[in-house]
Amino acid sequence: MQSSAHTADGAENLPRLAGHFASLEVQNHAARLGMWLFLATEILLFAGLFVCYGCYRFLYPEAWAAGSRSLDLTMGTVNTIVLITSSLTAALAVHYAKEGENKKVGVMFALTLLMAVGFLVIKYFEYAHKFHIGTLPGRYYHYEGIQVTGIPLYFTVYFCSTALHAFHVVIGMAVLSVAMVRAFRKKDFGPKNYTMVELGSMYWHLVDLVWIFLFPMLYLV
Amino acid sequence: MAIANESHQEEKNMDAHHGAGRYWLIWGVLLVLTVVTVVTGRMHLPSFGLLLALVIATVKGTLVTLYFMHLAEHRGANRLVFGVSILFVVLMLVIPMADLGTRFRGANPPGSQYSDLQPADIGTGTQRGRFGGGVRQTETKDTPETPAPHH
Amino acid sequence: MTPSSSIDTAGAAPHDEHHDHHPSYLVDGTTIKSWLLTVDHKRIGLMFLFFILLFFLVGGIFALLIRVELLTPGATIMDAMTYNRTFTLHGLVMIFLFMIPAIPAVFGNFMLPLMLGAKDVAFPRLNLASLYIYLTGAVFMLWGMLNGGLDTGWTFYTPYSTHTTTTVAPVMFGAFIIGFSSIATGINFIVTCHTMRAPGITWFKMPLFVWAIYATSCIQVLATPVIGLLTVLVAVENLFSFGMFDPARGGDPVLFQHLFWFYSHPAVYIMVLPAFGVMSEVVSTYSRKNIFGYRAVAYSSLGIAFVGFFAWGHHMFVSGQSTFDAGVFGVLTMLVGVFTAIKVFNWVGTVYKGAVDFKTPFAYFCGFLFFTVFGGMTGIALGTVSLDVAWHDTYFVVAHFHFIMVGATIMAFLAALHYWFPKMFGKTYHEGWGLVSAALIILGFNATFIPQFLLGNNGMPRRYYDYPERFQALNVASTAGASLLAFGFIIIAMYLTYALLYGKAAGKNPWRSKGYEWMSEAPPPTHNFVGPQPTFPEEPHFYVDPKKAEVPDAV
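Sequence lines, in order, name chains A, B and C. Going by my numbering, the first sequence opens with residue 1, and the numbers climb by one from there. Going by my numbering, the second sequence opens with residue 222, and the numbers climb by one from there. Going by my numbering, the third sequence opens with residue 373, and the numbers climb by one from there.
For the record, the hints were derived by calculation from the structure and aren't laboratory data. Since the model is a prediction, treat every value here as computed from it, not as a measurement. Where is the CB? At the ideal position from N, CA and C, for every residue including glycine. It cannot be assumed that every hint is accurate.
To be verified - Listed next, the stretches of chain B that the computed footprint assigns to chain A, with coverage defined by at least 3 CB atoms under 8 Å from CB atoms of chain A:
(1) 247-253
(2) 270-280
(3) 287-301
(4) 322-328
What the hints assert, rightly or not - Over 10 Å on every C-beta distance to chain A, these chain C residues come out as not near it, computed from the model:
(5) Pro-597
(6) Val-608
(7) Lys-799
(8) Leu-807
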């Protein structure tokens with residue numbers, strides 16, 4: 001029950017043990033399980049939109065085919081690659097955190113954040129194009145090029161799901177920035193103290209995971 | 222001391238440290254799969270295109286969860302949580318879609334594949350039009366503009 | 373440094389009357405800040421109790437307004453639009469602000485760590501955050517309700533909710549925020565059950581209340597995100613007309629109902645499962661007997677949580693859902709009845725040949741048993757497709773869900789309040805008044821809702837402002853019953869407040885309960901247990917050796 005806040009002394013950095021946990025192992029276990037539960041809620045949050053996608057695709061297959069072909073596949077593919085690579089750097093950050101190489105952890109997160117910004121910039125250009133030509137949700141749809149029943153609904157689903165995903169990218173960036181700053185400033189990640197890095201990068205992988213499904217659903221089929 | 226064992230086991234699994242090479246390998250596989258899904262997606266395969274894309278996405282997702290998120294090294298509750306959430310996603314998808322497929326056709330949204338009704342005209346000319354502002358009504362040409370006279 | 377660091381400095385006693393005496397959590401820190409910024413699960417539970425009772429009062433006042441309005445056909449005290457807003461407010465406040473958090477956030481918070489022999493829940497700061505998230509959401513919701521009000525009913529079905537000019541967006545946003553509170557509580561409790569159990573408490577030695585809360589938390593975590601998304605979609609739809617659920621734009625309003633009931637049906641079990649848990653504790657304590665079929669009760673909690681996710685379509689039998697889905701849901705709905713029946717039989721088996729100590733909580737148990745069985749059986753009837761077609765959207769449904777959901781939850785809430793009152797405050801209440809008010813509430817509840825069963829069966833639709841003359845007698849009876857109910861609550865408020873201020877000291881374990889939570893002091897010290905973590909060698913609810921069939925002597 002004693003707090004063990006060794007921050008500067010000794011080679012091995014230990015995180016502070018909150019008084020109500022039996023041991024550090026239990027505390028890490030709790031943090032990890034809590035994160036998984038939180039990720040489960042995120043999955044179900046997106047699931048609602050996946051259900052909308054599935055049902056309306058079922059009802060309006062032609063609109064869905066036309067809509068997905070109107071998207072910019074190159075931008076989508078580049079974004080997928082960017083996001084997968086950012087996931088790699090986030091995973092490597094955990095790897096380096098376990099080895100206690102704080103500088104590399106910070107660099108990896110910085111790269112991740114850079115790619116996240118890149119993702120959002122590309123997303124911005126896609127959105128701007130859509131606003132320009134008028135492939136917009138619901139009653140704002142005014143694109144002459146595609147005239148099929150249900151096509152505004154496709155763009156409703158497209159905009160809702162990508163916007164929700166982009167929002168998660170932004171939250172993930174905030175989380176990773178905190179971890180990055182800590183890696184650069186406090187430099188206290190080590191083999192016994194990497195939970196924060198691990199959980200932050202888990203969140204980032206979830207963002208990636210959602211995109212892995214959104215990409216083929218929206219752009220390809 | 223079941224709890225301590227559970228926590229201890231997980232800690233031990235997490236401690237098993239692998240080289241960074243594994244992450245690079247997974248990354249390579251993910252990129253290859255992305256290329257595959259883009260190439261096959263562009264072919265617009267008629268019937269199993271969607272299935273193929275979803276299978277590839279599932280494989281990619283599985284790789285991310287198992288290795289990037291370390292689910293392969295987690296035991297027990299963490300896996301259960303993830304599994305149950307996926308189960309409920311599938312449940313939530315399947316039942317409404319089964320509903321749409323088996324519903325009385327008149328109850329499906331008019332104009333859709335599973336409805337015999339034409340989409341309702343709520344004023345195409347305005348910004349509040351049925352398809353949004355600027356979509357022409359192409360499919361409603363054959364419906365009479367005025368109700369058919371009785372007898 | 374951080375709020376949770378206060379945990380480390382155990383028992384920094386401001387009162388040092390005795391040097392070895394650890395002050396109870398109630399007096400360990402008396403400033404307002406020490407309450408508002410506490411991370412102690414017991415104090416957070418008490419703050420939840422305060423706000424939940426406040427919202428119960430608000431919802432209750434609106435219930436009475438509805439009943440007074442329906443006293444006579446036509447306008448009685450308000451116009452039709454106000455009436456629409458009143459029943460919407462009643463539903464929203466009672467469901468989102470009272471019933472969903474009622475038992476988990478108050479008694480779950482307070483009792484779960486005590487029952488597991490832990491010092492606190494796994495994430496104390498998240499726990500405090502959950503309180504403030506709840507309050508933020510409540511403020512948004514009430515602000516929206518007061519500035520224009522919502523007239524859709526608590527179900528906010530599309531397409532009406534996306535077209536109405538009343539304040540949809542703030543109320544939806546409030547519900548969205550409250551969802552986070554619910555999720556935070558759920559995550560916290562699940563992790564607590566997994567990681568914080570004291571030595572000796574294996575999974576199958578957890579008290580049944582913990583099992584029920586665990587199952588509830590699973591539902592909260594899995595279902596709440598869906599309603600979160602849905603409230604956002606409806607708000608966006610209302611503001612920008614994206615057409616996601618608008619049939620005029622190709623959307624399918626029945627899909628909205630699918631997603632809505634994917635949360636809202638399991639939400640019924642979020643409300644009622646903790647009630648089942650409370651009753652499992654109460655029945656064994658006051659029967660002085662081990663719970664009958666411990667594992668069956670524990671598994672059936674999980675069973676209800678699981679099967680509850682497969683039954684949502686029974687709300688949509690007449691909404692245009694396919695006959696195929698309706699049939700499937702009709703059958704799956706029956707499964708919930710199976711698991712609930714397992715519990716009921718086990719409770720009855722526990723009372724059988726027990727040495728019943730007929731105290732107030734036990735009186736509520738009796739009421740609970742009646743409401744659960746009666747409400748549950750009418751639910752089975754409503755889950756039958758052919759019967760539901762006639763009863764759908766009539767007062768029969770209103771009476772049914774008030775019986776099973778509200779009846780069971782209120783009974784359990786009051787039973788828990790009385791049962792754990794000495795534990796939480798260290799005071800005793802007046803037993804005689806307790807029994808009187810229990811009788812009034814149970815009678816009043818029946819008098820309110822049995823006429824509504826009859827009204828519904830005679831064809832009076834729900835949510836209607838006006839009704840023909842022939843329904844008046846039953847409506848008057850229902851309103852009279854509601855007054856009786858209100859009277860019962862006023863008595864409770866009076867004697868419990870009195871007990872809080874002037875009640876006799878209760879002693880450590882006034883009910884001689886064998887529940888784990890009674891092992892510590894009453895009221896407990898800040899970190900629940902003084903000295904090393906206790907061990908729990910015995911089964912929970914252990915009163916007699918299971919080999920002997922009967923209790924040796926009466927209490």
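Outcome of the hint check:
For a cut-off of 8 Å, the count of residues in the region 247-253 of chain B with a CB near a CB of chain A stands at 4, and the three-residue condition holds. Requiring three or more residues with a Cβ within less than 8 Å of a Cβ of chain A, the coverage given for the region 270-280 of chain B holds, as 6 such residues are present. By the rule of at least three residues with a Cβ nearer than 8 Å to a Cβ of chain A, the coverage given for the region 287-301 of chain B holds, with 7 such residues. Figure legend: the region 322-328 of chain B, annotated as covered by chain A; annotation inconsistent (1 residues with Cβ-Cβ distances under 8 Å, at least 3 required).
Distance check for Pro-597 of chain C against chain A: the nearest CB is about 4 Å away, which does not clear 10 Å, and the non-interface claim fails. For Val-608 of chain C, the non-interface assignment is contradicted: its Cβ lies about 8 Å from the closest Cβ of chain A, within the 10 Å cut-off. Separation of Lys-799 of chain C from chain A is adequate, the least Cβ-Cβ distance of about 27 Å exceeding the 10 Å criterion. With 10 Å as the threshold on Cβ separation, the claim that Leu-807 of chain C sits away from chain A holds: the shortest Cβ distance comes to roughly 39 Å.
Hint violations for this structure: numbers 4, 5 and 6, all remaining hints satisfied.
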